[in-house]
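Sequences are here, hints too, so could you generate the full structure?
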Amino acid sequence: MKMARSICLLYWLASVTFVGADDGAVDEDWDFTPPAPRPFEVGGYLEFKGEYLRLDREAAFYPLTYSTDEQRGELRRGSALLELKAEYKLGAVRFHATGQSSVSWDDLDSAEETRLLTGYASYSPGPTFAIDVGKRVLRWGTGYAWNPVAFLERLKDPLDPGLSREGFVMVSAGWTRSFAGDTLQSVGLHPVVVPSNDDINRDFGERNRVNPALRLSALVRDTDVDLLALSEGSRAGKAGMALARNVTSNFEIHAEWARVFNDARPLLDADGRAVEEVQDANRFLAGLRYLTHRETTVILEYYRDETGYSRDEFERYIDFTRDAVEKHDAGGDDADVRRARSLRRDAYGAQNPMRNYLYARVSHPEPFDILYFTPALFTIVNLDDASFQVVPEMRYTGYRELELRLRAAFLSGSSQSEFGVRPTDQRVELRVRHYF
Amino acid sequence: MPTSKTRFQFLAAHYRSIMKTTVAILIWLLLIPSVPALADVESLDDEELLKRVDRALQPESFEMYRKLINIEPDGRRREYTLYTVRKGRDRMLALFLEPPSERGRSTLRLGDNMWLYIPDVGRPIRTTSLQSVVGGIFSNADIMQLDYHVEYKVEDREDGDDHIELQLRARTREVAYDRLVMRVDPETLTPTVIEAYTATDMLIKTLRFHDIKDFGDGIVRPSRMETTSPLHEGYRAIMLFAEIRPRELQEEVFTQDFMPRANELRE
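Protein sequences, first through last, are from chains R and S.
In terms of this note's numbering, the first sequence has 66 at position 66, counting the first letter as 1, and numbering is strictly consecutive.
In terms of this note's numbering, the second sequence has 255 at position 255, counting the first letter as 1, and numbering is strictly consecutive.
No lab work stands behind these hints: they were computed from the structure.
Misleading hints may appear alongside valid ones.
Some but not every residue of chain S turned toward chain R, in silico, with C-beta under 8 Å [said to hold, decoys possible]:
1. 67
2. 100
3. 118
4. 121
5. 126
6. 248
7. 251
8. 253
9. 255
10. 257
Derived lysine to any residue pairs resembling SDA-like cross-links, with alpha carbons at most 25 Å apart [as the list claims (entries may be wrong)]:
11. S:87 - R:33
12. S:87 - R:135
13. R:135 - S:102
14. R:89 - S:102
15. S:87 - R:183
16. S:87 - R:125
17. S:153 - R:250
18. R:49 - R:85
19. S:87 - R:35
20. S:213 - R:34
21. R:49 - R:375
22. R:85 - S:120
23. R:89 - S:261
24. S:213 - R:49
25. R:89 - S:266
26. S:87 - R:187
27. R:327 - R:394
28. R:135 - S:263
29. R:327 - R:73
30. R:89 - R:33
31. R:89 - S:144
32. S:87 - R:371
33. S:87 - R:327
34. R:49 - R:86
35. R:89 - S:267
36. R:135 - R:235
37. R:135 - R:193
38. S:213 - S:144
39. S:87 - R:177
40. R:85 - S:150
Computed from a predicted model, the values in this text were never measured in an experiment.
From the three backbone atoms N, C-alpha and C, an ideal C-beta is built for every residue, glycine too.
Shown next, in the form of structure tokens:
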């Protein structure tokens with residue numbers, strides 16, 4: 001661990017010291033020789049992140065996260081992460097792999113992790129057809145912060161939608177045709193199979209299932225239309241639709257809808273028992289992206305998830321958690337605290353566990369003629385309990401291959417609300433990425 | 001005294017020299033009609049002239065490499081390398097090859113529709129033509145420029161002694177710049193200067209074309225375009241062109257599904 005820290009520190013110092021700003025000399029020789037395609041390509045980034053968290057000791061989730069003995073008011077956290085992407089071409093077959101290795105530490109603990117995010121072979125005899133076998137990430141949907149039709153992927157973080165995520169092992173194919181007409185401009189068929197057993201995709205859901213799924217995509221009258229379905233298996237069966245369209249050159253709208261069949265959600269009933277409620281439910285998202293004449297980009301999204309908890313259901317869980325902690329602090333057993341932790345992990349502590357949300361993001365590139373600098377401000381509002389978090393962000397890419405991102409997050413809400421019960425009140429984060 | 005062998009070599013060399021000269025003269029004679037005489041250019045109607053400008057810049061379906069260089073007032077520069085393919089009037093796909101932070105990004109344009117594929121995001125997202133994907137002065141519209149005659153119509157024309165000036169107006173509101181003033185070299189029929197204006201007649205950008213180069217396949221055009229903007233005083237944006245070649249591509253290359261695999265086109 002000490003060694004990892006030393007390497008990270010040395011690398012960071014080297015990056016800042018030697019990478020620096022681009023060469024000031026302007027080379028007026030305009031010879032340009034394009035790079036030749038290579039059979040083997042490798043790239044990636046090295047990332048360092050430092051975080052400072054202000055903790056809320058009164059928050060309901062605080063005792064489920066940290067020891068109540070310490071009554072810690074703040075936490076410092078650091079991490080270093082290396083992501084490598086490689087591609088090897090052998091005729092019409094391409095091999096892709098993405099791996100991540102990270103070390104992280106905070107005032108309480110440290111951890112190391114190495115993961116293969118993707119690793120698959122792709123056979124493509126031409127642009128109309130491709131078949132992929134292996135571990136890969138499928139991204140379905142048109143939404144920015146949420147994707148109700150993302151049936152086959154791990155949950156996206158609405159605060160960081162571009163973060164790399166681990167894929168699942170699957171066999172997928174894609175067949176595409178284009179047409180000359182203005183009505184149906186192109187159509188694509190994308191069948192997928194995500195088998196799950198004791199050896200592969202163990203965390204996809206129930207094991208020993210085949211899990212076939214299908215996406216039918218089309219461009220119809222300049223509108224992206226996706227029809228999607230996942231058969232019942234490891235996960236609940238789902239069907240849905242995704243749409244996107246440019247209304248004008250600076251105004252885009254998008255929407256997603258999914259129907260979830262026989263969805264089983266953990267629920268704490270009125271008697272304090274953890275039960276499973278099975279229901280059919282809808283998930284829906286509507287959003288827009290608007291570019292003003294001054295180049296300010298506005299993204300607005302409304303998300304409704306009927307499989308989420310109502311305000312009453314969520315408050316009931318919070319009351320249960322507080323009672324469990326009080327009972328334990330008064331010398332009682334910790335069975336209810338363990339149950340509260342388990343319910344938080346599997347359900348109530350999900351990224352957005354309730355039903356109605358609003359996402360708004362405003363960003364403006366290069367204000368005051370500061371090139372490569374983009375400030376942004378975004379918020380996620382829980383419309384059920386009026387709690388929210390606001391995130392100001394500054395991103396600078398003016399140094400060669402280096403991206404600097406400074407962020408803060410401010411969470412606000414009543415003591416019974418989603419953002420009010422979280423153990424962190426405020427967070428400041430500095431992320432430095434060096435691409436190679 | 002030359003031997004019969006050396007005399008034969010002398011005659012053969014002489015004969016080859018005559019043949020080379022004859023062939024060169026024939027080629028020159030054949031080429032004459034294809035070099036637009038000023039009188040021919042004047043006889044072209046406005047729309048035809050604009051189409052000829054487009055064809056002089058690149059074939060209708062082609063592939064090419066470009067390097068984009070943003071230069072700041074203090075001399076700092078950022079470079080991007082793109083591979084681009086186009087088919088027909090309005091289908092275009094551009095793939096970022098460098099720098100590493102942008103590698104694998106691709107932009108697809110189908111008429112007024114534009115998508116951006118970022119490997120980390122993992123799927124194409126719709127974007128707007130005005131948005132800048134590389135920062136600096138270049139916008140998506142500059143990088144994904146279609147033929148001028150597709151996006152603009154000629155409103156006015158003035159034939160001068162050493163250049164032709166065309167006043168162009170956007171055909172639809174979707175086009176990034178409302179009005180262009182284009183100066184054309186009557187000999188090569190390529191633009192020398194283009195000024196881009198907003199609907200309120202504010203000058204946004206000036207594009208200057210330099211370094212005429214023979215790219216082969218009959219493509220003789222400027223290999224460097226320099227952009228300045230009164231909105232970014234002191235900043236320059238250079239676009240260098242290389243390996244512009246005609247290429248026939250399948251329609252399916254210009255679909256969202258193909259964007260992640262755009263690198264497969266490079267040979």
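| said: Interface hint check: residue 121 (chain S), Cβ to nearest Cβ on chain R, cutoff 8 Å. Holds or violated? | reply: Since the shortest Cβ distance to chain R is 5 Å, the answer is holds.
| request: Report holds or violated for the interface hint on residue 251 (chain S), using the least CB-CB distance to chain R and a cut-off of 8 Å. | output: holds (4 Å)
| query | Going straight from one Cα to the other, do residue 213 (chain S) and residue 49 (chain R) come out at no more than 25 Å? | reply | violated (48 Å)
| Is it true that the CA of residue 85 (chain R) sits at most 25 Å from the CA of residue 150 (chain S)? | Roughly 39 Å separates the two Cα atoms, so the pair is violated.
| query | Measuring from the C-beta of residue 126 (chain S) to each C-beta in chain R, is the shortest one below 8 Å? | reply | Hint holds; residue 126 (chain S) Cβ to chain R Cβ min 5 Å, cut 8 Å.
| query | Under the criterion that the straight-line Cα-Cα distance not exceed 25 Å, is the pair residue 87 (chain S), residue 187 (chain R) satisfied? | reply | Satisfied, since the Cα-Cα distance of roughly 18 Å is no more than 25 Å.
| request: Starting from residue 87 (chain S), check that the Cα of residue 33 (chain R) is at most 25 Å away, please. | output: holds (24 Å)
| query | Does the interface hint hold: is residue 100 (chain S) within less than 8 Å of chain R, judged Cβ to Cβ? | reply | Check passed: Cβ of residue 100 (chain S) comes within 4 Å of chain R, closer than 8 Å.
| field | residue 89 (chain R) paired with residue 144 (chain S) [C-alpha distance capped at 25 Å] | value | violated (28 Å)
| query | residue 87 (chain S) and residue 125 (chain R): Cα distance at most 25 Å? | reply | holds (20 Å)
| field | residue 89 (chain R) paired with residue 33 (chain R) [C-alpha distance capped at 25 Å] | value | The given pair, whose Cα atoms are some 22 Å apart, holds under the 25 Å limit.
| query | Can we keep the residue 248 (chain S) interface hint, with Cβ of chain R closer than 8 Å? | reply | violated (12 Å)
When held up to the earlier numbered hints, the structure conflicts with 6, 12, 24, 27, 31, 32, 33, 40 and fits the remainder.
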